[in-house]
Amino acid sequence: MTEPHAPAPGSFVLDGQDVPFEPGDTVLRAATREGRYIPHLCWTPEFAPHGSCRLCIVRVNGRPGAACTVAAADGLDVQSDTAELNGYRRTMLQMLFVEGNHFCPSCEKSGHCLLQATAYQMGMLGPHFEEFYPSRPVDASHPAVLLDSNRCILCGLCVRASRDIDGKNVFALAGHGLKTRLIVDSDSGRLGDTDFALGDRAASICPVGAILPKRQGFVVPIGERPHDRQSLAESAAEAVAAAGETS
Amino acid sequence: MVFDRSRDMFEVARNFAHFFEHESCGFCTPCRVGTALVARRMDKLAAGHGSRVDLDVLLELDGLMHVATHCGLGATACNPLRDTIAKFRPAYEKRLKSLQFEPGFDLDAELSVARRLTGRDDAAAHLGSLP
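Chains as they are written, first to last, in numbering that gives the first Met the number 0: chain A, 0 to 246; chain B, 0 to 130.
Same shape as in the complex, but just chain A (with noise of 0.2 angstroms):
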């Protein structure tokens, strides 16, 4: 048993490593600034973590919680990197493939899409639950943009910008157990029939391929795609230095 490794002040312990953070910071914001990669799907440092994906379950002296919600304090000791927890991070990851319809080979967001990167990165080789195949309906109405819900993972970050920054509130989870559902505020029930537009942030922040702009097919080729050329380390830590500028 060695003693436990005593942080300096104003940061924490990630794995054995010191992290710097700064007042309101949560551990995940702070590790992921420090390019110190701890996998996460539903939260990205523009908004409020939201704390559904589970994909950032860390120990924090001891208990599980999800580094997204809690609160970095000086002297905590956080561990991230386990075989325990990596584990459950594969699981998570299968379990999210086998709910939804996810067919990564034709798939456009294919190397843009951070469900299949984060299962890249946690070595998950195939589903090992029995896939749902669930029927689930794609929304084409909309001139500019596909709304195909086979790919969603509810991670509710198009509900948030829609809201936060686009004021518009097109977006929202329904239901409940498997059947949560992503919704869209119209009469119709189609986006089609909301204000939406391709230049909101809501139409550009999915991280799966479950929004789409249209008559973009593959302009960016294969091998060449964000997931290709950046580690996962690299472009989160890229978008907390951007959201830290634009706050």
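Every clue listed holds true.
Quick look at which bits of chain B chain A covers, simulated, 3 or more residues with Cβ under 8 angstroms:
(1) 26-34
(2) 65-71
Computed Cβ-Cβ distance ranges for the label pairs, DEER-style:
(3) B:E92 to A:L124: 23 to 33 angstroms
(4) A:P136 to B:V1: 46 to 56 angstroms
(5) B:L126 to A:T68: 44 to 54 angstroms
(6) A:A82 to B:R51: 17 to 27 angstroms
(7) A:F102 to B:L126: 22 to 32 angstroms
(8) B:E22 to A:D163: 29 to 39 angstroms
(9) A:A72 to B:D55: 29 to 39 angstroms
(10) B:R114 to A:F102: 24 to 34 angstroms
(11) A:G122 to B:R51: 18 to 28 angstroms
(12) B:T117 to A:D80: 53 to 63 angstroms
(13) A:T81 to B:E10: 34 to 44 angstroms
(14) B:A123 to A:D80: 51 to 61 angstroms
Some chain B residues flagged as far from chain A (calculated, every beta-carbon gap over 10 angstroms):
(15) V1
(16) R4
(17) K86
(18) R94
(19) E109
(20) S111
(21) G118
(22) A124
I should point out that these hints are in silico values taken from the structure, not numbers from a laboratory. All C-beta atoms in this analysis are idealised placements derived from N, C-alpha and C, irrespective of residue type, glycine included.
Position chain B against the provided structure of chain A, taking the given hints into account.
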């Protein structure tokens, strides 16, 4: 909770599994999908398609949900499952079809189309009759 000896503890746990699948709010991944996976596995066992691997997967899901869920509902949803596997394991084992992996569907039934197309229905065209 008190049950007398006439009660099938596997069916008690299966009922709980369906209850928690229905009660899950769907907010977090491990509970939303986990409760559904548990209920489906229990149905698979009840249908006589289970094997030892399914018990391992059920306990794996129990371990994940205890740690990773957002709230206490998901964290405790598998308690009836875990306790009955620990204390009434024969109620599970008598349902296991084999000690090896068994697929969730009936492979022999899936071959019925091939049998019809080839006009065969002899013993060698059925999986169960192979040595």
